[in-house]
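Letter by letter, the chains look like this.
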Amino acid sequence: MKVKVVSHILEANDRIAAENRNVFHESGVYVINLMSAPGAGKTSLIERTIKELSSKLKIGVIEGDIAGKDDAKRIAKLGIPVVQINTGGACHLDANMINEVIADLPLKDLNLLIIENVGNLVCPAEFKVGEDMKVMLLSIAEGDDKPLKYPLMFQESSALILNKIDLLPYTNVSIEKIKKNSISLNKKLKIFEVSCKTGEGIRKWVEWLQSLIK
Amino acid sequence: MHEVSIAQSLLKIAVESCEKEGYKGIEEIKVKIGRASGLMPEALSFAFDAVKIGTIAEKASLTIDEIPVTGFCESCKSSFTVEEAYVISCPKCGDISIRVETGHELHVYEMDVF
Chain A
9 MKVKVVSHIL EANDRIAAEN RNVFHESGVY VINLMSAPGA GKTSLIERTI
59 KELSSKLKIG VIEGDIAGKD DAKRIAKLGI PVVQINTGGA CHLDANMINE
109 VIADLPLKDL NLLIIENVGN LVCPAEFKVG EDMKVMLLSI AEGDDKPLKY
159 PLMFQESSAL ILNKIDLLPY TNVSIEKIKK NSISLNKKLK IFEVSCKTGE
209 GIRKWVEWLQ SLIK
Chain B
81 MHEVSIAQSL LKIAVESCEK EGYKGIEEIK VKIGRASGLM PEALSFAFDA
131 VKIGTIAEKA SLTIDEIPVT GFCESCKSSF TVEEAYVISC PKCGDISIRV
181 ETGHELHVYE MDVF
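Chains A and B supply the protein sequences, listed in that same order.
The first sequence begins at 9 in our numbering and counts up by one.
The second sequence begins at 81 in our numbering and counts up by one.
The set of hints was computed from the structure by calculation and includes no laboratory data.
Computed from a predicted model, the values in this text were never measured in an experiment.
Built from N, CA and C at the ideal position, the CB exists for glycine as well.
It is possible that some hints are incorrect.
In the DSSO-like style, the derived pairs of lysine-lysine whose C-alpha atoms are separated by at most 30 Å in a straight line are [unchecked claim]: (1) A/157 x B/139; (2) A/154 x A/116; (3) B/172 x A/12; (4) B/172 x A/188.
Output of the computed footprint for chain B on chain A, the stretches with three or more beta carbons under 8 Å from beta carbons of chain B [unchecked claim]: (5) 43 to 50; (6) 82 to 91; (7) 98 to 112; (8) 121 to 133; (9) 184 to 198.
Pulled a few chain B residues facing chain A out of the computed Cβ check, cut under 8 Å [stated by the list, open to error]: (10) 89; (11) 99; (12) 116; (13) 144; (14) 168.
Using the sequences and the hints, build the whole thing.
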């Protein structure tokens, strides 16, 4: 017998993401879901952002990795509340993983929570975790063909941060091509050019971020 | 890459709605997967065959309808379909004032139950 069931496959995830979002909003925390390929500089960007903003905002971090506690140790050194999630193989964070660690963070004391997703340019874009905004990072050495090869993350993100611009002289990458194709995929995308190594461009990014947080 | 978790989610939706209505088993589950969803149909079928074991959907087949990326161009007022997983400009006139209409589907839409 045929039965109709119109149901979105990620409905269960989206429901938990909405619950997380409610908890974050009630606590007055603005939440960023930070995504990129492995090695693009997510943790370095978080460190830079903390250094610039920790005198103005109370920041917390959730680190997502397949294995290891290295990233959480880096953040903890800065005196910031941090929780490490190890997905044990899963290629992305989902809403339930975030739901399970919410109680480990002093949410009521925070203004900004940065969730560092698992390094992967594909899967994290599909799973809401309860964020206010998705931000993606692309290090320029990854190549200017990435927007059209991995379109979903560019389409889902509100901001694109191009990192490692200090390496531009050593590559054949066209930053204009990255920007043009990214904007073609997502006309509302806000783009920042930074170097987490030298600090160039970081101020513009943190000022914009700060302007979003009431 | 995460076809296993998608397979688990769709199985859960199917099994729960089947049990709620008092059916004993599932023979077929039909899903719509958009080409822009990032999922590989072969990998999803493979994952589904692994996760269905020991459930009331153990003997169920998975039928995947792949939905192409389609859209409408506001400039030349025409509808289009593309082969790629994304579209950045109208394939007919090249204008970027386009509206993507399908391709992001990820739905269970029908089951054959007993």
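So, going through the hints one by one against the coordinates:
At roughly 37 Å between alpha-carbon atoms, residue 157 of chain A and residue 139 of chain B are farther apart than 30 Å, so this suggested pair is violated. Annotation: proposed proximity of residue 154 of chain A to residue 116 of chain A is violated, straight-line Cα distance about 38 Å (limit 30 Å). Distance restraint check for residue 172 of chain B and residue 12 of chain A: the Cα-Cα separation of roughly 37 Å exceeds the 30 Å cut-off, and the hinted pair is therefore not satisfied. Of the pairs offered as hints, the one joining residue 172 of chain B and residue 188 of chain A holds, with about 20 Å between alpha carbons and a cut-off of 30 Å not exceeded.
With a threshold of 8 Å between beta carbons, the proposed coverage of the stretch 43 to 50 of chain A by chain B is violated, since 0 of its residues qualify and at least three are required. Counting residues of the stretch 82 to 91 of chain A whose C-beta lies closer than 8 Å to any C-beta of chain B gives 0; at least three are required, and the coverage claim is violated. Only residues whose C-beta sits within less than 8 Å of a C-beta in chain B count toward coverage, and the stretch 98 to 112 of chain A has 4 of them, enough to reach three; the restraint holds. A stretch counts as covered by a chain when three or more of its residues have a beta carbon under 8 Å from one of that chain; for the stretch 121 to 133 of chain A and chain B the count is 4, and the coverage holds.
Only residues whose beta carbon comes within less than 8 Å of a beta carbon in chain B count, and the stretch 184 to 198 of chain A has 4; three or more means the coverage holds. Taken as an interface hint, residue 89 of chain B checks out: its beta carbon lies about 5 Å from the nearest beta carbon of chain A, inside 8 Å. Restraint check, residue 99 of chain B versus chain A: the minimum CB separation of about 12 Å is more than 8 Å; hint violated. A least Cβ separation of about 7 Å between residue 116 of chain B and chain A falls short of the 8 Å threshold, and the interface hint therefore holds.
Taking 8 Å as the C-beta contact cut-off toward chain A, the hint placing residue 144 of chain B at the interface is violated, the least distance being around 12 Å. About 4 Å separates the beta-carbon of residue 168 of chain B from the nearest beta-carbon of chain A, less than 8 Å, and the hint is met.
Figure legend: structure checked against the earlier numbered hints; hints not met, in rising order: 1, 2, 3, 5, 6, 11, 13.
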